[in-house]
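> Sequence:
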Amino acid sequence: MFNKRIKIKELLLQPAGKKDIVVMGWVRTFRNNQFIALNDGSTNTNIQVVAPLGQFTDELLKRITTSSSLKISGELVSSQGKGQSVEVVAHSIEVLGDSDAEKYPLQPKKHSLEFLREIAHLRFRTNTFGSVFRVRHALAFAIHQFFHEKGFLYMHTPIVTTSDAEGAGEMFRVTTLPFDNPPRSEDGMIDFKEDFFGRSTHLTVSGQLEGELGATAFGEIYTFGPTFRAENSNTTRHLAEFWMIEPEMAFSDLEDNMNLAESFIKHIIGFVIQHNMEDLVFLDQRLAEEEKQLPADKRSEMGLIDKLRFVLDNDFERITYTEAIDILLNSAAYKKKKFQYEVKWGIDMQSEHERYLVEKHFKKPVIVTNYPKDIKAFYMRQNDDGKTVAAMDILAPGIGEIVGGSQREERLALLTQRMKDMHIAEDELWWYLDTRRFGTVPHAGFGLGFERMVLFVTGMTNIRDVIAFPRTPKSAEF
RNA sequence: UCCUCAGUAGCUCAGUUGGUUAGAGCAUCUGACUGUUAAUCAGAGGGUCACUGGUUCAAGUCCAGUCUGAGGAGCCA
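What the first sequence shows, in this note's numbering, is residues 1 to 478, in sequence order.
One or more hints might be untrue.
Stated by the list, open to error - Calculated lysine to any residue pairs in the SDA-like style (CA-CA distance at most 20 Å, straight line):
# : residue 1 : residue 2
1 : K376      : L412
2 : K387      : D253
3 : K364      : G404
Stated by the list, open to error - Estimated spans, in silico, between C-beta atoms of each pair:
# : residue 1 : residue 2 : range
4 : L122      : S300      : 23 to 31 Å
5 : D253      : R173      : 31 to 39 Å
6 : S300      : S78       : 34 to 42 Å
Calculated from the structure, these hints are not laboratory results.
Remember, predicted model here, so these are calculated numbers, not experimental data.
We put the beta carbon where it would ideally sit given N, CA and C, even for glycine.
Produce the entire structure from the sequences given, and follow the hints as far as they go.
Structure below.
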């Protein structure tokens with residue numbers, strides 16, 4: 001067996017004196033021809049490996065370069081140096097893989113995030129991305145734990161879909177037709193009957209409609225999978241391929257939905273605080289360092305960890321859309337004409353309005369409910385006032401909309417009327433409407449953009465830095 | 001897609017009014033040193049100034065277009 005190693009995270013907790021230790025990892029720095037800072041990705045803290053002078057040949061020592069991979073056997077001793085309490089004295093050093101220092105792009109120095117994006121295949125070997133992706137993993141794990149413990153069923157909804165009815169955004173087409181000379185029907189249109197699935201297909205923009213099918217049988221389900229939008233969005237908050245969590249609950253209304261969303265967000269933040277404090281401390285310091293370069297009024301009032309604790313310890317503010325508009329209309333910012341866009345009942349709130357509510361007025365996450373029906377999707381349940389729907393968005397400081405959800409319209413007649421009004425073809429969604437034909441129930445759900453959650457928890461500011469291999473317009477390297 | 005800004009060594013950047021052979025720090029290489037903490041000290045190598053075209057006696061510098069990146073907006077999660 002080759003892998004008899006101890007992970008560095010575990011090794012650092014061991015008392016000095018332990019013999020016959022095997023560690024493997026990649027070299028971060030090699031100082032003084034003696035001291036190797038070795039990292040294996042289990043933690044940002046390196047183990048210091050000491051190669052006593054004279055015990056190893058120059059030929060071997062020359063091969064210990066940044067990011068070369070080593071297998072070290074030795075003994076754990078208390079360190080004579082100041083930076084660490086224990087270190088490994090090497091008895092043997094085996095170079096598993098050389099790394100040509102002249103060609104290796106990462107140096108033991110600070111790199112810009114933009115540069116690291118260009119070498120996304122290697123950026124995991126930096127402290128920042130080490131922490132980000134360990135936190136990302138912990139969040140994913142906590143999500144499954146939360147829903148599992150609540151009795152939700154993890155449902156895998158399809159990636160390739162046939163319905164383009166939801167209108168959640170532009171879609172990527174999936175086809176095997178030759179695009180230089182596709183088959184055409186008599187009217188000159190491309191004949192998708194000849195295509196692989198015998199019809200037009202796309203990558204999914206949401207698993208919600210299929211999720212509702214699951215919820216109306218299992219009661220409570222969630223999805224957690226990749227989602228695709230072919231929008232030409234070039235922002236720090238948008239990806240063409242991103243991961244989304246979409247729970248759906250039968251026998252639930254809008255309030256149940258809000259309660260679920262709030263406890264869900266608190267659970268996963270709590271999990272990371274409990275299990276990833278070392279990474280959070282690093283990210284907290286990184287953010288503080290970053291913000292030093294900003295003008296004073298652009299800096300956040302709280303550090304990263306304080307912000308997460310604050311979210312955990314406080315109830316989210318819950319207001320209706322109508323109340324939100326009133327707050328905006330009565331705000332000093334409005335009266336001083338600080339808003340670029342008009343404020344009046346019926347508008348789809350702009351980023352500046354959401355930011356005002358979250359960052360200036362309430363200074364915490366805000367759940368806005370009961371939006372005008374004209375700016376929301378067809379499946380949202382109509383309220384008795386005839387003007388609004390039972391929708392809810394959760395707005396987070398620095399990120400904006402992090403959750404979008406609603407109670408769904410369970411009444412067939414009202415749902416089909418709404419579809420007619422919005423020119424959505426009923427026959428394409430016959431299977432969806434069957435849930436309302438056979439034992440319909442009040443139900444609700446929401447979607448949470450996973451990467452936006454990772455942004456919030458890590459304090460990173462660009463969504464391309466919290467997914468391993470970002471897909472954005474004109475960019476799909478790796 | 002729109003607006004703004006940027007692109008000079010492997011990285012981060014400087015480059016004056018358009019004027020001789022384009023600079024610095026870090027990294028790399030060579031040597032010295034050896035309990036270092038992004039080690040230190042000395043020396044060396046390293047450039048299609050994003051690309052294409054234009055103006056000019058002369059362009060890294062001015063103009064136009066293209067590409068790429070960043071920030072903001074829209075769309076949204």
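> Give a verdict on every hint.
Verification of the supplied hints:
1. K376 x L412: The hint holds at about 18 Å.
2. K387 x D253: At roughly 18 Å apart (the allowed maximum being 20 Å), D253 and K387 satisfy the hint.
3. K364 x G404: holds, 17 Å
4. L122 x S300: 23 to 31 Å: holds, 30 Å
5. D253 x R173: 31 to 39 Å: With a Cβ separation near 37 Å, D253 and R173 satisfy 31 to 39 Å, so the hint holds.
6. S300 x S78: 34 to 42 Å: holds, 40 Å
In the structure shown, no violation is registered for any of the earlier numbered hints.
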